[in-house]
Amino acid sequence: MTSGTTTRALAGSVASDVLAAPRRRRAKPRKDRAGYLFLLPWFIGMLFTIIPFFASLYLAFTDYNLLNAPQWIGFGNFREMLDDPLLRQSLKVTFIYTFVSVPLSLVVALGVAMMLNRGIRGLSVYRAVFYLPSLLGGSVAIVLLWKYIFGFDGIVNGFLGWFGIDGPGWTTDPDYALTTLIILHIWTFGSPMVIFLAGLRQIPTMYYEAAATDGASRWRQFRSITLPLLSPIIFFNLIQSLISSFQTFTQGFIMSGGTGGPADSTIFYNLYLYQQGFSQFHMGYASAMAWVLLVIIAAFTALNFLAAKYWVFYDN
Amino acid sequence: MSIAPPARPATAPPRSEEDSFLERQGSTRRSRFTRHVILCVLGAVMMYPLLWMVSSSLKPSKDIFTDLSLWPSNWDFSNYPDGWTALEQPFTVYFVNSLVIVVLSIIGNLVSCSLAAYGFARLNFTGRKLFFALMLGTMMLPGHVLLVPQYIVFAKLDWINTYYPLLVPNFLATNAFYIFLMVQFMRSLPSELDDAARIDGCGPFRTFWSVIMPLCMPAFATTAIFTFISVWNEFFGPLIYLTDSELYTVPLALRQFIDSEGQSQWGQMFAMSFLSLAPVIGFFIAGQRYLVKGIATTGLK
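Protein chains in written order, with my numbering: chain E, 1 to 316; chain L, 1001 to 1301.
Wrong hints could be hidden among the right ones.
[Said to hold, decoys possible] Heads up, simulated SDA-like pairs for lysine to any residue below, C-alpha to C-alpha not over 20 Å straight-line: (1) K1062/L <-> D1082/L; (2) K1062/L <-> P1081/L; (3) K1129/L <-> F278/E; (4) K1129/L <-> L40/E; (5) K92/E <-> G261/E; (6) K1156/L <-> M1140/L; (7) K1062/L <-> N157/E; (8) K1156/L <-> G261/E; (9) K1129/L <-> G261/E; (10) K1129/L <-> D32/E; (11) K1156/L <-> L37/E; (12) K1156/L <-> N157/E.
These are calculated hints, taken from the structure and not from any lab test.
Treat the numbers as computed from the prediction; the structure is a model and nothing was measured.
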């Protein structure tokens, strides 16, 4: 990914791209026609993206319950959000979840990828075993399974019991419910691991040979060769994981039966958005929430791109 | 272990001297052994929940939380037939619904994304770069921003409680990820192919259909598998658009097991949960090399 396309890819700039698009209707129809024909479904699909994009921005400033026409209330929704304790709680839950589980799962992913990269027998079996959970992790079946594995009489506490530890009520105690879901997230470290593994294979071994000849320790090789050369991929994984984990929904919904409990400890932002929009039909408020999250995600992505200048190393 | 080792994946470069250096450097016999021990323990820990689910689905419900061993002391196969009919509709309905949605979504994604990808990768037209950047932008756009207006549009069209909201977007190339994947693949094909086809009198559509498409099968396979897994697991879309239990997909059905908090249904719940995961696991084993390749290419370029 070149930095040109990636900065463009920032969600916010999508809007400016659209606005800046020069309306050109000049004569090159023969050459252009084929291309436009192939893109026809995509163009229609873009209408389904761009129009809702701006419509939701409009709705964010209205009071709308799907039955009556939207009523313009200016910044009313945003003011209400400032005083909404449940909104603050949902932000807190989402932030804790993201900033604990994303770094942990990336560290595990990188560690395991490095162990697998040093030439090991049975690589494909290991890779399959570690990768499979990441395909299942978001499914209802697995979250249900998690609920009962960690449930009060579940196997986790049974296991802790062997060591004389009296396990907490993982899913019923507000202090632990989110931890259970963080563990579930770490369980799905396989997909960044596969990307790391592919990246590690592209680092020429001669760098390591040269470093080893010069007497660099393994730790030093990791810091001075692996980390810099892998940094674009670490960066990619970081952005991807952050964006997707800010939008966590199913895990909180299934774990709490849709309530965000116990004691609002699993009320993810998108779960609260769902409750506002689709249980209580506060469509205006839900749109405002969606835009706040969009701005948060865009800000974190932008921050990452800025920071990337200092730690991401591009070879070319 | 249920995961069959696949044939050597196509992505792995052939064993070269490069590999053997890393092997030599880090590989006294003892360190290799330690690594295997760590990886095996980790693998066992990760597989344990899945194995426990399978074993619990074969135990009578009262044993599930008392009998901790993976090997059931009392085998009980009745969870499967009982679970199949435990909810409002038999699971046949839910599985057929999920299958219909998945198959149509795969077709939609393959057709619409390959058309768009060919346009982006091989044709020249005014505004191509701009549209391509826009397409990449939508890849990062969080879907929930579009959610409310899209819901309103679908509600106005009277599409709530139908499969249209879940299917139509897939026929309109809204999955930028797959377009990107195919563009990357098509760009790696030599452009002489298009030139040769043109000299032989092929128009762009003929070139696409007869020359490029047959070569893109690996990218199509990756797209199909990814679509299968993500649509099969999809929960949010069906949750907001489907209200009638006859239309429910498998994940929506499974969720009913927690709503009806009957204590005796654990075994049945795990049996149906396992059946819901089985197709994903099957596709994973069959298509592992396409998955690994797909996720690696999109991540690296």
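Next pair to validate is K1156/L with G261/E; report whether the Cα-Cα distance is within 20 Å. violated, 33 Å
Within a Cα-Cα threshold of 20 Å, do K1129/L and F278/E meet the stated pairing? violated, 38 Å
Would you mind confirming whether the straight-line C-alpha gap from K1156/L to N157/E stays at or under 20 Å? violated, 50 Å
Given hint G261/E paired with K1129/L - CA-CA distance at most 20 Å: Distance ~47 Å between K1129/L and G261/E Cα, so the pair is violated.
With a cut-off of 20 Å on the C-alpha distance, tell me whether K1062/L and D1082/L pass. Distance of about 15 Å is within 20 Å: holds.
Is K1062/L within 20 Å of N157/E, Cα to Cα? The given pair, whose Cα atoms are some 17 Å apart, holds under the 20 Å limit.
20 Å Cα cutoff - pair K1129/L, L40/E: Measuring from Cα to Cα gives roughly 16 Å; hence the hint holds.
Has the given pair, K92/E with G261/E, been kept, meaning a C-alpha gap of at most 20 Å? The given pair, whose Cα atoms are some 14 Å apart, holds under the 20 Å limit.
Quickly compare the C-alpha distance for K1156/L and M1140/L to 20 Å and report which way the hint goes. violated, 28 Å
Can you confirm whether the C-alpha distance between K1129/L and D32/E stays at or below 20 Å? holds, 13 Å
Hint check: K1156/L vs L37/E, CA-CA at most 20 Å. Holds or violated? Given pair K1156/L, L37/E is violated - Cα atoms ~29 Å apart, limit 20 Å.
Mind checking the alpha carbons of K1062/L and P1081/L for me, to see if they're no more than 20 Å apart? holds, 18 Å
In this structure, the earlier hints numbered 3, 6, 8, 9, 11 and 12 are contradicted, and the remaining ones agree with it.
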